[in-house]
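Trainee: First to last, the protein sequences are chains A and B. Residues in the first sequence are numbered consecutively from 1, following my numbering. Residues in the second sequence are numbered consecutively from 1, following my numbering.
Treat the hints as calculated values from the structure; they're not laboratory data. The structure displayed is predicted, hence computed values, not measured ones. Every residue gets a Cβ at the ideal spot worked out from N, C-alpha and C, and that includes glycine. Among these hints, one or two may not hold up.
[What the hints assert, rightly or not] Some chain B residues close to chain A (C-beta under 8 Å, calculated; not the full set):
#1 Q34
#2 G166
#3 S231
#4 P234
#5 P236
#6 L238
#7 A239
#8 Q240
#9 A290
#10 H293
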Amino acid sequence: MSQIIKLTTPLTDEAVASLKSGDQVSISGELYTARDAAHKRLVDLLDQGKPLPFDPKGAVIYYVGPSPAKPGRVVGSAGPTTSYRMDAYAERLMEVGMKGMIGKGKRAPDVVDAMIKHKAVYFAAIGGAAALIARSIKSVEVVAYEDLGPEAVRRMIVEDFQAVVINDIQGADLYQMGQEKYRIA
Amino acid sequence: MQNQMYYQVAENERVGLAVMREIDVTEIIEAVRQMSQTANTDLGKDVIRAFERGQETEESSTGKAIFKALIENAMIARDEKVPMCQDTGFSVVFVDLGQDVHLVGGSLEAAINEGVRRGYEEGFLRKSICDPFTRANTKDNTPAVVITQIVDGDRVKLTMAPKGGGSENMARVTMLTPSGGKKAVMDFIVQRCQEAGSNPCPPVIVGAAVGGTPEKAAILAKRTLLREIGSQNPDPELAQMEAELLTRINNLGMGPQGLGGRNYALAVHLDKHPCHIATLPLAVQICCHASRHKETIL
Ligand code: SF4
Numbered sequence: 001m002s003q004i005i006k007l008t009t010p011l012t013d014e015a016v017a018s019l020k021s022g023d024q025v026s027i028s029g030e031l032y033t034a035r036d037a038a039h040k041r042l043v044d045l046l047d048q049g050k051p052l053p054f055d056p057k058g059a060v061i062y063y064v065g066p067s068p069a070k071p072g073r074v075v076g077s078a079g080p081t082t083s084y085r086m087d088a089y090a091e092r093l094m095e096v097g098m099k100g101m102i103g104k105g106k107r108a109p110d111v112v113d114a115m116i117k118h119k120a121v122y123f124a125a126i127g128g129a130a131a132l133i134a135r136s137i138k139s140v141e142v143v144a145y146e147d148l149g150p151e152a153v154r155r156m157i158v159e160d161f162q163a164v165v166i167n168d169i170q171g172a173d174l175y176q177m178g179q180e181k182y183r184i185a
Numbered sequence: 001m002q003n004q005m006y007y008q009v010a011e012n013e014r015v016g017l018a019v020m021r022e023i024d025v026t027e028i029i030e031a032v033r034q035m036s037q038t039a040n041t042d043l044g045k046d047v048i049r050a051f052e053r054g055q056e057t058e059e060s061s062t063g064k065a066i067f068k069a070l071i072e073n074a075m076i077a078r079d080e081k082v083p084m085c086q087d088t089g090f091s092v093v094f095v096d097l098g099q100d101v102h103l104v105g106g107s108l109e110a111a112i113n114e115g116v117r118r119g120y121e122e123g124f125l126r127k128s129i130c131d132p133f134t135r136a137n138t139k140d141n142t143p144a145v146v147i148t149q150i151v152d153g154d155r156v157k158l159t160m161a162p163k164g165g166g167s168e169n170m171a172r173v174t175m176l177t178p179s180g181g182k183k184a185v186m187d188f189i190v191q192r193c194q195e196a197g198s199n200p201c202p203p204v205i206v207g208a209a210v211g212g213t214p215e216k217a218a219i220l221a222k223r224t225l226l227r228e229i230g231s232q233n234p235d236p237e238l239a240q241m242e243a244e245l246l247t248r249i250n251n252l253g254m255g256p257q258g259l260g261g262r263n264y265a266l267a268v269h270l271d272k273h274p275c276h277i278a279t280l281p282l283a284v285q286i287c288c289h290a291s292r293h294k295e296t297i298l
């Protein structure tokens, strides 16, 4: 396994450009959480020419709906949700500066093209390793859409959040590369 | 006179009922409440053993690291009593109700829903059930999906099997052409896994049922996911198909999390049921590595 690359958010264009599909990364800094219901509202705001409830420049969005935090904890279990449900909205957020997305599962070809165009990357975290991932989340606050419950937009401060680069800005795809390597015809 | 007759009938009924075992539904509420929590925090030993085997046999170093992380995740969940996955699922409850049982004190479904309500609230589990159109959350993870079958005897077996949305979205029911036979069945299952790819959080357990009617096949396929990983299918023909399918699916090379490797599926579980002369129904239900199910017998 390659060496782990340390990243801090917000992501710069240089940091994004240096990443390659298959790179293991450790992310520290802030992440914003959003699932489909929140994405719909965010894109509605953009359609109306209104500002987003957070600064999208260099932002990394984590597709997650955590379980409720037990007393004395900052967050419940918090692993990634399946990303294709956000495909319809992803390019709109890239247009306003979003640089990274964290989820699980393949993205649509037009999202991969948009990542090349807007210089953004897509990371995967281990789907279902939610109790383990929660250990890297140091604080959480709701920034918008509290009524959406687990689907509200939250600002998370993370330390050493482990992920892998799936799609880089050259359009490479780790899912495809990995599978080709191990396929037995 | 009339009164007396009425009394006699009632008396006879009581005699008839004497062989019925009474179970108060509060016992069901309590069992479901507990299992909602334990299913979500305490992963089955068979699954953990399968992770350990995966960690040994996996050729990809990333894949090995994923198995290691999944074992660690399961240990944290068990020790700290937190859900292994944030998606604590749709509460699917199988009820095998003995025909000599008389439930008292309320309705079965209401009791199950009350157990889910309490278990999910007290256990800090995520409430993930919503209206299909407005998407408004029911806020207590109810209603549960209750799959009841009446069986012999005077016991009630309850199985709580929370199922996450990511792997559920990969399920399919199809009506194949009978002439396609076994080959069409196997090809469809392999194809389904290929299309599902990384979405259902591999390593997965693939459950499939052939025959019956479309709804029968779907329920049988779901039930196969309750089978212990590594257990032998009693039907030799199905056992052979399971082995062949497991090899074919894993030869696709998708591996843990779909990142490439040898272990995409931990097991394939099949069932079959007679079908109509004109049909060949097939249901495929994929279960993620958070393969959760707990059982209580009352
Ligand atoms: S598919 Fe399973 S492991 Fe993955 S997020 Fe959903 S419930 Fe969790």
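Trainee: Each of the hints needs a verdict: does it hold here or not?
Mentor: Hints, one by one, checked against the model:
{"no.": "1", "hint": "Q34", "result": "violated (17 Å)"}
{"no.": "2", "hint": "G166", "result": "holds (5 Å)"}
{"no.": "3", "hint": "S231", "result": "violated (23 Å)"}
{"no.": "4", "hint": "P234", "result": "violated (30 Å)"}
{"no.": "5", "hint": "P236", "result": "violated (26 Å)"}
{"no.": "6", "hint": "L238", "result": "violated (24 Å)"}
{"no.": "7", "hint": "A239", "result": "violated (22 Å)"}
{"no.": "8", "hint": "Q240", "result": "violated (20 Å)"}
{"no.": "9", "hint": "A290", "result": "holds (5 Å)"}
{"no.": "10", "hint": "H293", "result": "violated (15 Å)"}
When the structure is compared with the earlier hints, violations turn up for hints 1, 3, 4, 5, 6, 7, 8, 10 and for no others.
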